[in-house]
Amino acid sequence: MQEETIKKFMYMNRKAPYGTIYALEALEVVLIGAAFDQDVSLAFLDDGVFQLVEGQDTDGIGVKNFSPAFRALGDYDVTKLFVEKESLEERGLSPDDLMELVWEDEDDDWAEKPSIRIVTRDELKSILGDQDVILSF
Amino acid sequence: MAYELNGQTIEHDEEGYLTDLGQWTEDLAAILAKDEGIEMTDEHWEVVNFLREYYDEYQIAPAIRVLVKALKKTMGKEKGSNKYLYTLFPYGPAKQACKIAGLPKPTGCI
Amino acid sequence: MSILHTVNKSPFQKDDLKSCLAHANEGDAVLMIEDGVYGAIAGTAASQDISNAKAGVYVLGADLAARGIAQDKVAEGISVVGYDGFVDLATEHSAVNSWL
Numbered sequence: 001m002q003e004e005t006i007k008k009f010m011y012m013n014r015k016a017p018y019g020t021i022y023a024l025e026a027l028e029v030v031l032i033g034a035a036f037d038q039d040v041s042l043a044f045l046d047d048g049v050f051q052l053v054e055g056q057d058t059d060g061i062g063v064k065n066f067s068p069a070f071r072a073l074g075d076y077d078v079t080k081l082f083v084e085k086e087s088l089e090e091r092g093l094s095p096d097d098l099m100e101l102v103w104e105d106e107d108d109d110w111a112e113k114p115s116i117r118i119v120t121r122d123e124l125k126s127i128l129g130d131q132d133v134i135l136s137f
Numbered sequence: 001m002a003y004e005l006n007g008q009t010i011e012h013d014e015e016g017y018l019t020d021l022g023q024w025t026e027d028l029a030a031i032l033a034k035d036e037g038i039e040m041t042d043e044h045w046e047v048v049n050f051l052r053e054y055y056d057e058y059q060i061a062p063a064i065r066v067l068v069k070a071l072k073k074t075m076g077k078e079k080g081s082n083k084y085l086y087t088l089f090p091y092g093p094a095k096q097a098c099k100i101a102g103l104p105k106p107t108g109c110i
Numbered sequence: 001m002s003i004l005h006t007v008n009k010s011p012f013q014k015d016d017l018k019s020c021l022a023h024a025n026e027g028d029a030v031l032m033i034e035d036g037v038y039g040a041i042a043g044t045a046a047s048q049d050i051s052n053a054k055a056g057v058y059v060l061g062a063d064l065a066a067r068g069i070a071q072d073k074v075a076e077g078i079s080v081v082g083y084d085g086f087v088d089l090a091t092e093h094s095a096v097n098s099w100l
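Taken in order, these protein sequences are the chains called A, B and C.
Going by our numbering, the first residue of the first sequence is number 1, and it counts up by one from there.
Going by our numbering, the first residue of the second sequence is number 1, and it counts up by one from there.
Going by our numbering, the first residue of the third sequence is number 1, and it counts up by one from there.
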């Protein structure tokens with residue numbers, strides 16, 4: 001019998017949502033990669049924190065608003081979204097400006113638990129040091 | 001490439017998925033289902049409507065295991081299973097049901 | 001566990017190098033490639049961040065040469081490596097993070 005090895009996968013998001021295709025592509029990779037039952041987490045730092053801002057409305061620019069898909073991540077068992085505190089502050093944002101993202105814990109009567117965890121740069125640094133695979137976007 | 005319905009032309013891609021999901025109607029779904037060799041029953045509609053609501057909320061077509069999990073939660077164990085979905089949509093529930101629902105092909109579905 | 005970080009954008013155009021250096025741990029390596037090698041020049045606006053870095057800092061020689069940057073222009077503390085050195089760095093670390 002072959003032991004299944006679970007690896008720690010980190011998707012690092014550093015780009016704002018609509019100026020380039022990176023953010024959308026990263027999200028698609030996360031959704032596809034979720035099928036492989038790995039220990040997945042996402043990090044949002046630098047301009048990547050803009051991806052999670054509440055109230056995005058793209059009607060006027062003719063581009064699909066993909067921010068609602070972040071709310072589906074819990075269904076894909078992606079429940080750890082690390083957001084860097086310093087990156088928020090540098091951009092005049094606070095955690096209250098972000099979407100409220102939750103996941104439902106099937107083992108706890110579908111209790112809703114927050115997915116976003118605000119971490120400092122130093123904390124994120126050590127989380128990064130703990131990963132088996134890092135994919136940067 | 002396009003479907004014809006009541007004199008209207010509705011564009012689709014090379015695999016039959018709608019180009020503009022805003023053009024979807026129940027009549028069109030019936031045509032799409034026929035192309036897939038599926039006779040629509042209340043059970044089929046239940047899944048198709050569920051997919052449309054899911055897309056409306058999250059802007060993505062769910063992966064099959066996500067669909068199963070969500071159905072299990074809202075409709076119970078019997079309907080929230082791979083077996084049940086494959087009975088309704090033998091060539092892949094995500095693929096066939098999404099197409100009939102007018103959604104894009106699920107991300108990661110080959 | 002340690003990480004090899006690669007940076008391929010000029011630090012005078014993008015903040016990738018700055019952010020990478022701020023997130024690199026001791027024992028990590030930061031390798032500047034492609035336009036990232038402009039960050040290796042001594043006495044620039046990027047130099048302070050590099051000398052403060054905890055990680056080892058490297059630059060790919062072929063990309064320096066291609067851009068006409070002589071090796072004696074490279075800031076102290078930065079090691080110039082070839083493609084073989086790039087491969088060594090990749091194998092010495094448990095993960096690679098390509099900053100895009």
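Worth double-checking, as some hints may not be accurate.
DSBU-like mimics (lysine-lysine), calculated; alpha carbons at most 30 Å apart, straight line [claimed, not checked]:
1) A:Lys113 - B:Lys73
2) B:Lys95 - B:Lys77
3) A:Lys85 - C:Lys18
4) A:Lys113 - B:Lys34
5) C:Lys9 - A:Lys80
None of these hints come from the bench; they were simulated from the model.
Check your understanding: Which of the listed hints are broken here?
Key -> 4
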